[in-house]
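Engineer: Given the sequences, and given the hints that come with them, work out the whole structure.
Protein chains: 2
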Amino acid sequence: MTGAFRVSRGELQSLASSALKAVGVPEPDADAAAAILVTADLQGIDTHGTSRLAAYVTRVRDGVFNAKPDIVVESQSPAVAVIDGDRGLGPVVGSRALDLAVRLAAQNGVAYVGCRNSQHLGALAPYALRATRHGMVCFLGTNAFPSMAPWGGREVKVGNNPLGVGAPRRDAPAFILDIAMSVAARGKIRKAGAKGERIPDGWALDAEGNPTTDPAKALDGYVLPIGGHKGYGLALAVDILAGVLSGGAVSTEVQSLFKQKDKPQQVSFFFLAIDPAKTIGLDTYFERMETLCGLIKDTEPSSVGDPVLLPGEIEARELEIRSRDGIPMEAELLDSIRSLARGEAPSSVPKA
Amino acid sequence: MTGAFRVSRGELQSLASSALKAVGVPEPDADAAAAILVTADLQGIDTHGTSRLAAYVTRVRDGVFNAKPDIVVESQSPAVAVIDGDRGLGPVVGSRALDLAVRLAAQNGVAYVGCRNSQHLGALAPYALRATRHGMVCFLGTNAFPSMAPWGGREVKVGNNPLGVGAPRRDAPAFILDIAMSVAARGKIRKAGAKGERIPDGWALDAEGNPTTDPAKALDGYVLPIGGHKGYGLALAVDILAGVLSGGAVSTEVQSLFKQKDKPQQVSFFFLAIDPAKTIGLDTYFERMETLCGLIKDTEPSSVGDPVLLPGEIEARELEIRSRDGIPMEAELLDSIRSLARGEAPSSVPKA
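First to last, the protein sequences are chains C and A.
Everything in the first sequence is counted per our numbering, starting at 458 for the first residue and increasing by one.
Everything in the second sequence is counted per our numbering, starting at 458 for the first residue and increasing by one.
No false leads were mixed into what you were given.
The list treats identical chains as interchangeable, and a pair is accepted whether it falls inside one copy or across any two copies.
In silico DSSO-like links for lysine-lysine, alpha-carbon gap of 30 angstroms or less:
hint	residue 1	residue 2
1	K754	K718
2	K716	K754
3	K718	K478
4	K718	K645
5	K652	K674
6	K754	K720
7	K754	K674
No lab work stands behind these hints, which were simulated from the structure alone.
Structural biologist: Below you can see the structure in the form of structure tokens.
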């Protein structure tokens, strides 16, 4: 985001936490959720950072998101746990689940934690970054309000169900992948529409299932999965790992953060963590990781002066700059967050 | 494959096993590897079934694949193991690793098994099917001889590194996903070239990094990943989960099954297994799985009479038909397999 203002990490963390405490979220939960949102802002993922606070606060005020969830952890096995989020905020339930996965993986070498009955998790990159800072390789995913049709179908049934992967490096920023299973986000289509532009071929179908480059028709239709049947299959795989294995909601059972004001979202997600120290030992792990990253970075670029990037490099660079110089933010958004921190009601809920 | 002949599952299993025993593979290993290849044939994945025997046998005869590997299992943790395949055949090392992952997951709820120093694993679907028959949800992947450029680069550095996912259902064929990270396989491009056809936009770049629809230029260049930077990132994630975490070869360290006659391939792969009985219990798991699959199947199709398919449905149908009626096969291929079973040298190694 470009913006007239730069707000420091510390100030934004404090504002975000205050905004959540103001609607009844207990301090440790508010701090944990704020840390996830501010990390997204630091990583440059502005669409999934503190700009989402107004929507979260609105849903808590509406009584559909639970400010004080009774989060229950069930475990029948040393390396596995399932969490019922009791309609709690995604970043509250998610950061607790991630920390549990990290702890169980440190004990067992690998761990799976599935979560049901939670809400919008936010970006995956902040969770992946946190896992890597604990020395873990992680693999995580969340289901989402459906925006895609099953391959060969013409009804919206499948979320863009993002997948994330994190892997630590010894002296370099971690490998962080955070990708949705759609070719392009609905937000990008909305932006093109607002500018009066067409969208590229291959992004979306209209409501009848025909390819379209018209943003309005695309928004009435469905976004397309990456690689056709491949992205469709991956999105279903995330629904299985997140929703089915946690006993949670799947497919059209998952509700929108923005559209259904009276229903909890029922988002499901999962964290898989693997401790490299328990696979081949840290020395070999880091040597292999540097070999892989070195081979990739040492690739002749398509455009001179535009070096090949590893997943997570852009975000790591933003994190460094924004941690030092502050997070750029439009005055209007910063004002709205300050008003939420004072406990005022959101003036309007921003669109996804 | 269409073919003048149909060979029964039992006969093909016996022929394939004999072909491997003829070059020194011990009987239990030959049977296990044959079972994987024949399952691929039964599932209709003809490109990765017994048609690959000639290549495997040739490499064993050349001394680069090890017929009698000393497969070593290292484990420092109850739910994790790393296997050194000692240049053994992929289906030999792979089926042993899969069975270990299933056993460790039954004990711990989840398990990770990484393998290094093996060879071409074959299709992932037969392994995923086997895991689901043991009641496991599985997530597996293998690295492969590079065919793609890093996103934004113009050198071949990244394999199409397939990912597989399997999830059992109670009274229906399992969910089985088996996808490479490239939009289209090089084999498809070669076929188009042989027929004098162009390939679609978005499949490949030429050696200079420019989009091409010319099969010859595409084969000199590189295939494109699904979703651009997304498929590139997923392919690297597989390299990390398979190669880095097992201490194995990655990226350009992995050799071709067909091109380098004097080098072992050094393929790395991994199996993650999760026991649904240890997450939310089998009753809830199957109920959730049927809800998800039911919602997807109950989708209005884009073309009337062409119902929406779940990943694995086509393969399950083929498996049923071919188990009953036999596997259709060209006379030339069947003759060649019979000749290998008699211990004769392959007349020529087929291309990928």
